[in-house]
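Protein chains in written order, with numbering that gives the first Met the number 0: chain D, 0 to 134; chain L, 0 to 134; chain V, 0 to 134; chain X, 0 to 134; chain C, 0 to 134; chain W, 0 to 134.
The reader is advised that the hints may include incorrect statements.
Since the list gives no way to pick one copy over another, a pair counts as held whenever it fits inside one copy or between any two copies.
Under the rule of at most 27 angstroms between Cα atoms (straight-line distance), these lysine-lysine pairs were calculated in the BS3-like manner [stated by the list, open to error]:
#1 Lys-64 x Lys-110
#2 Lys-51 x Lys-101
#3 Lys-31 x Lys-110
#4 Lys-24 x Lys-51
#5 Lys-101 x Lys-76
#6 Lys-63 x Lys-101
#7 Lys-64 x Lys-6
Simulated from the structure, these hints should not be mistaken for laboratory data. Here the structure is a predicted model, which means the values were calculated and not measured.
Protein chains: 6
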Amino acid sequence: MVYVTRKAHFSASHRLYNPAWSDAKNDAVFGKCSNPHGHGHNYELEVTVVGKVPDDTGMVIDLKKLSDIVEQEIVEKVDHKHLNLDVDFLKGFVPTAENIAKAFWQILQGKITDGRLYSIKLFESENNFVEYRGE
Amino acid sequence: MVYVTRKAHFSASHRLYNPAWSDAKNDAVFGKCSNPHGHGHNYELEVTVVGKVPDDTGMVIDLKKLSDIVEQEIVEKVDHKHLNLDVDFLKGFVPTAENIAKAFWQILQGKITDGRLYSIKLFESENNFVEYRGE
Amino acid sequence: MVYVTRKAHFSASHRLYNPAWSDAKNDAVFGKCSNPHGHGHNYELEVTVVGKVPDDTGMVIDLKKLSDIVEQEIVEKVDHKHLNLDVDFLKGFVPTAENIAKAFWQILQGKITDGRLYSIKLFESENNFVEYRGE
Amino acid sequence: MVYVTRKAHFSASHRLYNPAWSDAKNDAVFGKCSNPHGHGHNYELEVTVVGKVPDDTGMVIDLKKLSDIVEQEIVEKVDHKHLNLDVDFLKGFVPTAENIAKAFWQILQGKITDGRLYSIKLFESENNFVEYRGE
Amino acid sequence: MVYVTRKAHFSASHRLYNPAWSDAKNDAVFGKCSNPHGHGHNYELEVTVVGKVPDDTGMVIDLKKLSDIVEQEIVEKVDHKHLNLDVDFLKGFVPTAENIAKAFWQILQGKITDGRLYSIKLFESENNFVEYRGE
Amino acid sequence: MVYVTRKAHFSASHRLYNPAWSDAKNDAVFGKCSNPHGHGHNYELEVTVVGKVPDDTGMVIDLKKLSDIVEQEIVEKVDHKHLNLDVDFLKGFVPTAENIAKAFWQILQGKITDGRLYSIKLFESENNFVEYRGE
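Given only the sequences and the hints, what does the whole structure look like? Please build it.
Structural data, given as structure tokens:
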């Protein structure tokens with residue numbers, strides 16, 4: 000079993016905001032991350048697939064194919080977008096890194112057919128990142 | 000003469016948009032950077048000061064002091080903000096990295112009294128950055 | 000379950016030295032890391048917390064809160080210090096990265112009440128790092 | 000138990016090519032990675048050893064010793080080489096990152112006598128990397 | 000005047016070799032960089048353009064346009080190639096970073112029509128890089 | 000003319016302290032950088048040489064030679080040392096990054112005989128760095 004990771008990048012804005020709460024409560028819980036006009040990040044996304052290494056190709060999954068899946072299913076839909084307002088599959092919950100990673104997992108899980116999806120790692124910044132392994 | 004640089008970070012959203020133009024023209028010129036709800040970046044800012052090195056302190060400028068100036072005058076005003084909507088000193092022009100760097104120069108130039116401001120370098124992402132030297 | 004990581008930085012000096020040994024033995028075992036006046040590093044610390052993601056906040060732990068805990072309990076006590084001489088909770092053992100990581104775990108374990116502490120990763124340099132998971 | 004990692008670097012060229020296949024099939028499967036004259040990378044290698052921390056040394060494994068093993072057994076044999084043509088232990092399979100990592104594991108496993116080898120992580124580029132844990 | 004930089008990446012192999020010299024002399028001058036089968040790097044290329052900032056666009060040069068020029072004129076021709084054997088415009092000289100940077104300058108100089116080309120910076124590795132400014 | 004840069008690394012401790020001043024004044028001017036037992040950094044050093052590119056070698060200076068000079072003249076003397084106490088050529092002034100960079104210039108200037116020394120850039124941390132060009 001080998002773990003294969005492909006990294007992708009996108010730039011987006013978001014706002015931490017729970018519409019069930021008052022503005023005051025959002026401000027108390029999310030602080031400056033709840034600024035009404037939003038703020039943004041250069042997100043880094045690491046998608047890890049695990050599987051056996053076939054003798055003939057030597058590849059758990061063709062990295063070009065993995066890169067294309069990540070590009071089409073994720074990056075094209077979130078890059079240069081406002082994550083609360085512009086992305087259908089991110090609606091209905093607070094777009095924290097935790098929830099975004101889980102949403103990416105839901106999308107990618109069915110698309111990876113060579114090996115199986117092992118981990119989604121999402122960096123909001125160099126100092127803050129999350130990982131979801133479908134557990 | 001030694002060049003001393005302090006790096007700072009902020010996360011913000013912006014939209015490339017010229018209000019004198021139609022939406023179609025904005026879209027033609029700025030592409031996805033003109034998405035109406037904006038997008039965002041983890042900006043990196045490098046402020047460089049040049050000067051002589053005094054014998055007693057060995058410092059062109061106290062880096063703590065430089066850091067405090069950059070924090071108060073810039074980072075507190077732009078971090079977790081929408082650069083088009085939330086920042087007074089960025090109004091009246093398209094908030095490209097070029098124009099933001101020039102605006103930062105205007106603000107910092109008068110605040111640096113040990114040595115003189117030499118350069119403002121602004122990274123929008125790892126792959127895109129600009130530098131302004133007041134020329 | 001999502002793994003959430005916050006990165007912190009500190010600059011400190013240390014010396015690998017076992018007082019139960021002769022200087023010659025310390026030199027034989029630790030080499031240049033045993034230089035009597037010490038040497039130093041820009042340490043990078045990654046603290047990972049694992050937990051469920053609540054619907055209302057979308058956060059395993061508020062990263063601002065996690066950052067404050069790490070800052071108060073660790074960074075303020077070790078930054079710009081000599082780890083052998085200036086830090087009470089690092090006394091009584093050789094301050095290798097392994098032992099420092101374990102000491103940080105002891106301190107942080109009781110302070111993390113949202114989710115549970117999963118890992119302490121400590122980088123002495125870009126090329127040398129350790130991880131402790133409380134096992 | 001603490002996980003200790005040492006990072007090493009080497010620059011090498013390789014070509015993804017299965018000699019049992021026609022050139023057309025190689026081209027179809029491996030694309031530009033199958034360019035006949037090869038292409039190259041600055042590889043980054045992370046070798047992780049896990050073990051208990053002895054009281055007297057505080058080190059799972061002496062990092063100087065681990066570094067020397069990695070240098071002699073791996074880096075000296077692959078640095079500034081063509082991985083398909085110049086390296087005996089990489090012959091007989093397609094030199095994908097997956098297969099190279101497994102080959103490195105075979106070599107290093109017997110050489111690590113303090114603690115035990117836990118993981119080989121190999122970066123072909125900043126965006127593509129694999130990990131093998133001997134499973 | 001603002002300096003605008005776009006970074007690009009390519010992976011290639013090369014060999015330092017002067018055909019006017021004996022193998023022994025090549026080996027004496029270039030050492031392991033003269034390995035007959037070549038070796039490789041993940042090159043990083045920074046292209047800097049300098050110019051005035053127009054009021055209407057706020058951009059010295061459209062970074063998308065600059066990126067497209069660099070992609071078409073350089074990256075597509077060198078990525079996943081052997082620089083001595085596969086690239087017409089790199090023939091006739093030793094492909095050191097110095098000479099590659101100068102060759103890139105010759106190609107790009109005529110293609111940049113917004114602002115003017117200021118610098119070509121080429122990283123062979125994190126530790127070795129060159130810059131050419133057309134002087 | 001091409002600018003060629005070689006990067007080197009060393010880990011050291013230091014203390015900002017002017018012996019002509021009282022402890023109170025040192026504390027007021029240098030703050031936590033004046034901690035009596037010192038603190039430390041992973042320093043990064045970039046040495047840049049500028050010169051013409053000879054036709055036969057394609058190299059301004061052999062990077063192996065430049066690397067050896069930097070290693071022997073600088074790194075071996077400062078790595079894993081206390082810069083105030085263990086390094087003869089750093090005595091007699093406050094070991095700020097500014098003064099260390101100037102001291103490195105004095106040493107390296109006479110040793111570089113292919114091309115001429117153009118710049119010494121010294122990073123104390125990712126966020127703080129200085130450059131000296133002999134002006």
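Checklist entry - Going through the earlier hints one by one, which of them does the structure break, listed in rising order? => result none
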